[in-house]
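The chain contents come next:
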Amino acid sequence: MAPVTEIGQEMYALVERLYPLCRSITGDGVRATLDIVGEYIPLQTHEVPTGTQVLDWTVPQEWNIRDAYIADTTGHRIVDFAASSLHVLGYSVPVSATMPLAELREHLHTLPDHPSWVPYRTSYYKPDWGFCLAQDTLDAMPDGEYEVRIDSTLADGHLTYAEHVVPGQVPDEVIVSCHVCHPSLANDNLAGIAVATFLARALARRTPYYTYRFIFAPGTIGAITWLARNAERVNGASPALGAPPGRRLGEEPRAGGRVKHGLVLACAGDSGHLTYKQSRRGDAEIDRVMRHVLTASERPHRVTEFTPYGYDERQFCSPGFDLGVGSLSRTPYAGYPEYHTSADNLDFVSPEAMTDTLAVCREAFAVLDRNRQYVNLSPYGEPQLGRRGLYDALGGRSDTKQTQMAMLWVLSLSDGEHSLLDVAERSGLPFDTVAVAADALHGAGLIKA
Amino acid sequence: MAPVTEIGQEMYALVERLYPLCRSITGDGVRATLDIVGEYIPLQTHEVPTGTQVLDWTVPQEWNIRDAYIADTTGHRIVDFAASSLHVLGYSVPVSATMPLAELREHLHTLPDHPSWVPYRTSYYKPDWGFCLAQDTLDAMPDGEYEVRIDSTLADGHLTYAEHVVPGQVPDEVIVSCHVCHPSLANDNLAGIAVATFLARALARRTPYYTYRFIFAPGTIGAITWLARNAERVNGASPALGAPPGRRLGEEPRAGGRVKHGLVLACAGDSGHLTYKQSRRGDAEIDRVMRHVLTASERPHRVTEFTPYGYDERQFCSPGFDLGVGSLSRTPYAGYPEYHTSADNLDFVSPEAMTDTLAVCREAFAVLDRNRQYVNLSPYGEPQLGRRGLYDALGGRSDTKQTQMAMLWVLSLSDGEHSLLDVAERSGLPFDTVAVAADALHGAGLIKA
Amino acid sequence: MAPVTEIGQEMYALVERLYPLCRSITGDGVRATLDIVGEYIPLQTHEVPTGTQVLDWTVPQEWNIRDAYIADTTGHRIVDFAASSLHVLGYSVPVSATMPLAELREHLHTLPDHPSWVPYRTSYYKPDWGFCLAQDTLDAMPDGEYEVRIDSTLADGHLTYAEHVVPGQVPDEVIVSCHVCHPSLANDNLAGIAVATFLARALARRTPYYTYRFIFAPGTIGAITWLARNAERVNGASPALGAPPGRRLGEEPRAGGRVKHGLVLACAGDSGHLTYKQSRRGDAEIDRVMRHVLTASERPHRVTEFTPYGYDERQFCSPGFDLGVGSLSRTPYAGYPEYHTSADNLDFVSPEAMTDTLAVCREAFAVLDRNRQYVNLSPYGEPQLGRRGLYDALGGRSDTKQTQMAMLWVLSLSDGEHSLLDVAERSGLPFDTVAVAADALHGAGLIKA
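Chains as they are written, first to last, in the UniProt record's numbering: chain C, 1 to 449; chain X, 1 to 449; chain S, 1 to 449.
No lab work stands behind these hints: they were computed from the structure.
All figures in this text were calculated on a predicted structure; none of them were measured in a lab.
Hints should not be assumed to be uniformly reliable.
[Claimed, not checked] Derived pair list, reagent style BS3-like, types lysine-lysine, alpha-carbon separation capped at 27 angstroms:
id: 1; chain 1: S; residue 1: 448; chain 2: C; residue 2: 401
id: 2; chain 1: X; residue 1: 126; chain 2: S; residue 2: 126
id: 3; chain 1: S; residue 1: 448; chain 2: S; residue 2: 401
id: 4; chain 1: X; residue 1: 401; chain 2: X; residue 2: 260
id: 5; chain 1: C; residue 1: 401; chain 2: C; residue 2: 448
id: 6; chain 1: X; residue 1: 401; chain 2: X; residue 2: 448
id: 7; chain 1: X; residue 1: 401; chain 2: C; residue 2: 126
id: 8; chain 1: S; residue 1: 448; chain 2: S; residue 2: 260
id: 9; chain 1: C; residue 1: 448; chain 2: C; residue 2: 260
[Stated by the list, open to error] A short, non-exhaustive set of chain X residues, derived as facing chain C with CB atoms under 8 angstroms:
id: 10; residue: 382
id: 11; residue: 409
id: 12; residue: 412
Built from N, CA and C at the ideal position, the CB exists for glycine as well.
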């Protein structure tokens, strides 16, 4: 794991600021979150009206909440939204009533196996109300009447998401997506938001090859909304599946949209090893790059197959789009007991872990950005490197330098079918060495991109 | 191994009835065998005249035998066909002579390594006569004259085979083939005949998807005869190999005949583990189904590569036809010392073993019958399952049910390239769960076959 | 390792004769070497003038040397070319001077880790002069003035290489290449030259199927010269790489030249295990043949992936040609400390090792020469082998002979997609058995090539 760095402390500070906010898939909590992120990197915010059709879904009503509690007959608040945004079932309809515990129980969610933790629960699409609380708290509640109040509104409004673009040398895009809909859960996904934010900053330091688009959107409905509004940008997939939503019938079969690669960032700050979940394709360039970087860095890590469950890779990798989008986490989705509970708090994430996640993202994008297929312009026999100052004059030695070997490998595999990453993997040479050799050969006019 | 069942007892009873009959590749023994099987399932019997050209072969003369023995000078029958049909070399020409032991020896077949067992030997295509006997018997025969008599006839007649069809929802066929030419050998192949018979009965209980055709025919020449008379039904294979025998020159290249899958049943009743021998292709759907079912059932088993030796998979998988036909046995061809000897008797097979073989066939055909490729009709992002009552309303929990996972997997892989078996193998979910999920999605109009 | 044979002694004697000569990439040492080889097998020698453009290279000036030494002030020769051709930096320009040791040192090459060995060094393309000597010798040289003299000439002349062709039944060619440019180094590559010479002799004993072309040429520039002058013979490679040098624009895309397979022989006489380095393709027929033969022979051996470094496989496998050329060595390129030093002397190679290398080459070419794809002319069902005298008449036995099994395998896989080597590998039968079975089937008209 990386040592504590200044950037790690900054990411952690961002997580601390975002932690208390009550986020959901719509509402002011998301807006407040994006306002704070916007202090670090400029964001373009999108507001999509309730009722908008997005792919197979409809943007729901906007939910906002001001207060919520369960109080005993003395007025003492036993469960209080002010103490933690987790206490209210997400998207609870308003309620103001007094009822006996027996009746209230049907609206209470606990974790009997972890009696001191508060679970995170939602009911986005079925009108309901409820409270989440510790089993210990529930056990201490005597029978009797309780006052329950949820001061929320569900009304036509908007779904909010934001984008930040780091312009590159080419319009082809890499998307980095993280969900912004979870309330007071630190690893899931404030750590992902923080890493994405500082990754965007780092990439902007010099113009990358690809254009990098960061998407901060609520899970599922947010990604679906983004996809619906960017269908041309991501069109793809198998002819068997018909035209994508953004393309009119009769149009030419598409060559694929601008989005070439992508990464979903989630659970980016816990103390576990890194986990890369491959795209649905499994052989997308991002998959190969992530596997290469994780292996070459000698970090302990896991690479897992795609499953149609988890975060918004579900949407980006749905078979109609089938994008080359993988997902990077530390301990993955639902892989730790603290997942979706109040124990996923500020103690559960660390500056060191976020620094490490950020470092891997930067290493991976450094490879992705320089990975090219070249064609050898002098493919019949070896070109005479010595005459071009690219080869040692003294012959007979057996300790030929790595850079010379890298040049021979690049020449050998630059047949229009292999990329520099292929060269690095086949030769066992570091990607950097291979990329430097390719630059030298390109400079000498021996290969073309 | 399965416990004893009523059906197991019935299969064993059938084997007991068939055991004494003297079967060969033609003759009344085959007819008597098919008559008995016909008491269990209706059979369509075919009689093909001697001299009929069948592929590269010619239907031979019909062989029948009434009596055969070796007697000593006192008239005592030392070797007697009445005691076991194995005692006569199959297809022996008639003989009636007295000769000294020295001369007789050239016509005697024994198994010196198993001195009490009688071997099974034939000479279908080279006119010859002979006796098979225990080495112990031979050792006890004093020198001297012996009367030898084989009361057989080899004459123009017919080759006999039979079919039983279980009609399905589609005309595409699955063939199940077993050889009916072996005399008093219980495992090879009375057990196969019994399992096939009761498998046909079980399949008929409700209309299967495929049409199942059961073939009861003598080995090699019978399968070749069936193929010659059903060339259009099975045409297949590589263009390099020319037109199949049933297709006229100038006809359009064939899309393949009705026979889509098949299984050869042999050695189905011994106490060994199940062995599945793959088709020549190795990746036929039946191969994948059998591997899946044997693995998923957690039975100890073996899966072996195709070899061009064994039972009638040799013919079905010859390169011109190259059908997706595998072979299911318990201990495979020539894999046990009792193979092709009198020790392959009624004690060598059991109701339990046949029940187990039958059960695997039924499980395999249940998968084969429901295995489909679907196309996701809502492939851009996930369709909203909740609105269709297919998804839990309460979000946030990490114990999503298997059926919901199966639906997501089916949606993800329904791209026109993956079958439900692919889904089951990729997801690790039971095939049944996947098939049920596909039914639900199909019912909701989300996928089409 | 093979026992000492007469042929082993003859190969060793050839190495002994060639050892003292001072070879380089041009000059009379190469000519003298080819003259001696020409006493064993007839050679066609080619002389290519200085300045000829060959692919990306230019044939350099010819280098010849008569004498060279470092002498002390008493006239005592401390380093003397007459003692070993290694003492002079290859391609040294003439020098005649007296200079202090401090100045001379910049022109001296030693191996500090092996102080008694003399290294082999060259400077073909950058004008320079120098001496190679033992570190011990250098350490014993007192400061002071030394006379240095190199009596060499660098002048317009020729590059020399030679070919020997063993005519085959078809014009398709197998090339066997070995470099002839190294001075007094026994394993690298006099052993390769000797094995190639006696391999040519052995192949000529009866007309092989392929035409075998042996190339004796200086490393790198010699192979490049040969390729430049034989572009039509070897044209190949990927469309992405453009027309090969010998083909005019507008010509039909080439189906590949006559050279179908090839082997580079180097380091063929040391005591290490055999090493086969695969062609760039990795799945060329020569790769499969060599892997098969090395494995089937149960010799300890290594098979390595292609790397774009080593011997002239670098040129033959450059991506524009991409020939199916592998490289056979014992201990491979730069894999032993004696490599490119005076310790690669006559003690470092043995008749036994060269005999073993020769034997593997002969076994491999025996397979390559007989490897064919056949088409089964009776692919629908098995043909009746018995009627053609190819099958035992007595049925029922389970010990069917290997030859019969081989016939069934050949019939099964003769579908226009599999070669006899495929049959051998799939069946586990020896290649010889498979080839004999194919001959029998071919003789019976059941398969065609």
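Quick rundown of the hints versus the structure:
{"no.": "1", "hint": "S/448 with C/401", "in the structure": "violated (53 angstroms)"}
{"no.": "2", "hint": "X/126 with S/126", "in the structure": "violated (82 angstroms)"}
{"no.": "3", "hint": "S/448 with S/401", "in the structure": "holds (24 angstroms)"}
{"no.": "4", "hint": "X/401 with X/260", "in the structure": "violated (35 angstroms)"}
{"no.": "5", "hint": "C/401 with C/448", "in the structure": "holds (23 angstroms)"}
{"no.": "6", "hint": "X/401 with X/448", "in the structure": "holds (24 angstroms)"}
{"no.": "7", "hint": "X/401 with C/126", "in the structure": "holds (18 angstroms)"}
{"no.": "8", "hint": "S/448 with S/260", "in the structure": "holds (21 angstroms)"}
{"no.": "9", "hint": "C/448 with C/260", "in the structure": "holds (21 angstroms)"}
{"no.": "10", "hint": "382", "in the structure": "holds (6 angstroms)"}
{"no.": "11", "hint": "409", "in the structure": "holds (6 angstroms)"}
{"no.": "12", "hint": "412", "in the structure": "holds (4 angstroms)"}
Comparing the model with each numbered hint stated earlier shows that hints 1, 2 and 4 do not hold.
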